[in-house]
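Each protein sequence line maps, in turn, to chains A and B.
So the first sequence is residues 1 to 178, counted in our numbering.
So the second sequence is residues 1 to 286, counted in our numbering.
A couple of the hints might just be wrong.
[Stated by the list, open to error] No more than 25 Å apart at the CA atoms, straight line, and that leaves these computed lysine-lysine pairs for DSS-like:
hint	chain 1	residue 1	chain 2	residue 2
1	A	K167	A	K154
2	A	K33	B	K228
3	A	K154	B	K88
4	A	K154	A	K50
5	A	K74	B	K65
6	B	K52	A	K33
7	A	K78	A	K33
8	B	K88	A	K50
9	A	K50	A	K74
10	A	K78	A	K50
11	B	K228	A	K50
12	B	K52	A	K167
13	A	K74	A	K33
14	B	K52	A	K50
[As the list claims (entries may be wrong)] Facing chain A, a subset of chain B residues (Cβ under 7 Å, in silico):
hint	residue
15	I12
16	S16
17	G50
18	D54
19	L62
20	E64
21	S117
For the record, the hints were derived by calculation from the structure and aren't laboratory data.
Quick reminder that beta carbons are idealized off the backbone N, C-alpha and C, glycines included.
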Amino acid sequence: MVAYRKGELTAFDTLFFRYERKVYNFLLKRVGKEETAADLFQEVFLRVHKNREGFNPQASFAAWLFTIAHNLIKDHYKRRGIEVLSATGEQAVLEAEPTTPFSQLARKELGEAVRQALQQLPNGQREVVELSAYGGLRYPEIAQVTHQSVGAVKQKAHRAFLNLREKLRPYRPKGENA
Amino acid sequence: MNECDRVQAELIHLLSGNVAGRDARALEHHLAGCPRCTEEKRALEMIWQGLKADQVETPLALREKTLALVYREARAELSSAWRLGPLKIAGGVVAGALMTLLSFLLLRHEMDLTALSSGSLFICAILWGGVFITAFFWMLGRFRLGGLLLGAASSVGLIALTLSLSAAYLCPKLHVIAWWRASIPGAAVEALLGEGGTYFALGVTYSLLPTFLASLLFGRSLHGDLWKNGLVSGFSFFLLLLPALYLQCTPFALGILVSWSAGTLVGALAGVFGGLGFYRLSASSA
């Protein structure tokens, strides 16, 4: 980032390729639509370029990057008058009794099942999980992005995974259920 | 809460990489001997893997489009970097002229203008105006050089100059010199180095605090290398003040101008580095 601020554009490439997948997945999971995620994705990196002078080299670049993404998502929902409430709906798949144990689910199906369970979490818990799993951020960085304490982030992460485990309990064979 | 409850509460933090070192080893040690907690860890690992599995690649077209967008923006910045629009040029000239006039007004009691011919005075005013106009052009044009924002450096110079000239207006140099000569260190320096030492100290006095304050104010904009920023900012102040020193030294020997200028430069550099260093220390500890 220091090199990039000095004008070395190749340094931007390095940062871009290091974080583009994480940013895209975070945006896609948050907004749910590819087109919207694509627009926001471009805006995120454009803002990184335009605001590069404002970045404190001592701070975490990942936290700064995801703060930009987080704020863009907030603005996106505000513009559309949508309040980001607890996720509801999307229950159909998990209401059916799954027949395949968790450990035998194909990778893709596992991802699908977990994603559906994630959609049902309260927004705050979901956001922490997404920043951690997709963004690769540590709790202090998540705290910085979401403007809360590290303790609050830790608590939400813990509750989120308890909820996910509960929602995915039907997938666990009788012997595996604790 | 028993030991297993405590460990299970920490498992997700362990899996997400938020527990490390001794705490992580303590958890692993417990897991090695506890089938129940190991099973719980396996269940959470599956969920974590499910999250990781649910990721997609950024579409190639989107990646290319985004990179092209940023590069286009960067090229546009570069091409406009060394150009100023007519409005900004006019603004810079007017601001520079006004600043020159203000400086003359603030220092009129400090200068012996009869010691200079009209022609010399006119040339001095033009040169001083030229320096001011250049400083304003740097500010308005957002010019960069080697990663430095020249506008920020010139802002430090302009603000520090305004503070310094105001100080000279409110507390004329004759009072400062009298106070300095009456003080113990001042008397010692005067005895050792003569008038040159006194004017060196005068230069430091009128430059140290204004540059320190100006650097604190603009610390956020002075990105990049501390030394480069300090030198450019310090020298921009010095060059802006040099005509003022020349005009005030017209009745004196050249040595006085040299001593006074040297003190000003030393004070300016000390002030800028001090202010910028203090700002960065405070910012990093915040």
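The hints, checked one at a time:
Restraint check for K167(A) and K154(A): satisfied, since their Cα atoms lie roughly 20 Å apart, inside the 25 Å limit. Simply put, K33(A) and K228(B) have alpha-carbon atoms about 47 Å apart, too far for the 25 Å limit, and the pair is violated. Of the pairs offered as hints, the one joining K154(A) and K88(B) is violated, with about 52 Å between alpha carbons and a cut-off of 25 Å exceeded. Between K154(A) and K50(A) the alpha-carbon distance is near 33 Å, which puts this suggested pair outside the 25 Å criterion.
Distance check on the hinted pair: K74(A) and K65(B) sit about 24 Å apart at the alpha-carbon level, within 25 Å; holds. With a CA separation close to 19 Å, the supplied pair K52(B) and K33(A) stays within the 25 Å bound. Between the alpha carbons of K78(A) and K33(A) the distance comes to roughly 16 Å, so the proposed pair stays at or under 25 Å and holds. Between K88(B) and K50(A) the CA atoms are separated by roughly 21 Å; this keeps the pair inside 25 Å, and the hint holds.
The hinted pair formed by K50(A) and K74(A) meets the criterion: a straight-line CA distance of about 20 Å does not exceed 25 Å. Taken as a hint, the K78(A) and K50(A) pair is honoured in the structure, with Cα atoms around 23 Å apart against an allowance of 25 Å. Note on K228(B) and K50(A): the hinted pairing holds, with a Cα-Cα distance of about 23 Å set against a maximum of 25 Å. Restraint check for K52(B) and K167(A): the C-alpha separation of about 18 Å stays at or below 25 Å, so the hint holds.
Distance check on the hinted pair: K74(A) and K33(A) sit about 15 Å apart at the alpha-carbon level, within 25 Å; holds. Of the supplied pair hints, the one linking K52(B) and K50(A) is violated, its CA atoms being roughly 31 Å apart against a limit of 25 Å. Because the smallest distance between the Cβ of I12(B) and any Cβ of chain A comes to about 4 Å, under 7 Å, the interface hint for this residue holds. The beta carbon of S16(B) is positioned within 7 Å of a beta carbon in chain A (closest approach about 5 Å), and the interface hint is therefore held.
The interface hint given for G50(B) is met, as the beta carbon of that residue sits about 3 Å from the closest beta carbon of chain A, less than 7 Å. Nearest Cβ of chain A to the Cβ of D54(B): about 3 Å, under the 7 Å cut. The hint holds. Of the supplied interface hints, the one on L62(B) holds, with its beta-carbon coming within about 5 Å of a beta-carbon of chain A, less than 7 Å. Proximity of E64(B) to chain A is violated relative to the hint, the smallest CB-CB distance being about 11 Å (cut-off 7 Å).
Because the smallest distance between the Cβ of S117(B) and any Cβ of chain A comes to about 47 Å, over 7 Å, the interface hint for this residue is violated.
Checked against the numbered hints given earlier, the structure breaks hints 2, 3, 4, 14, 20 and 21 and satisfies all the rest.
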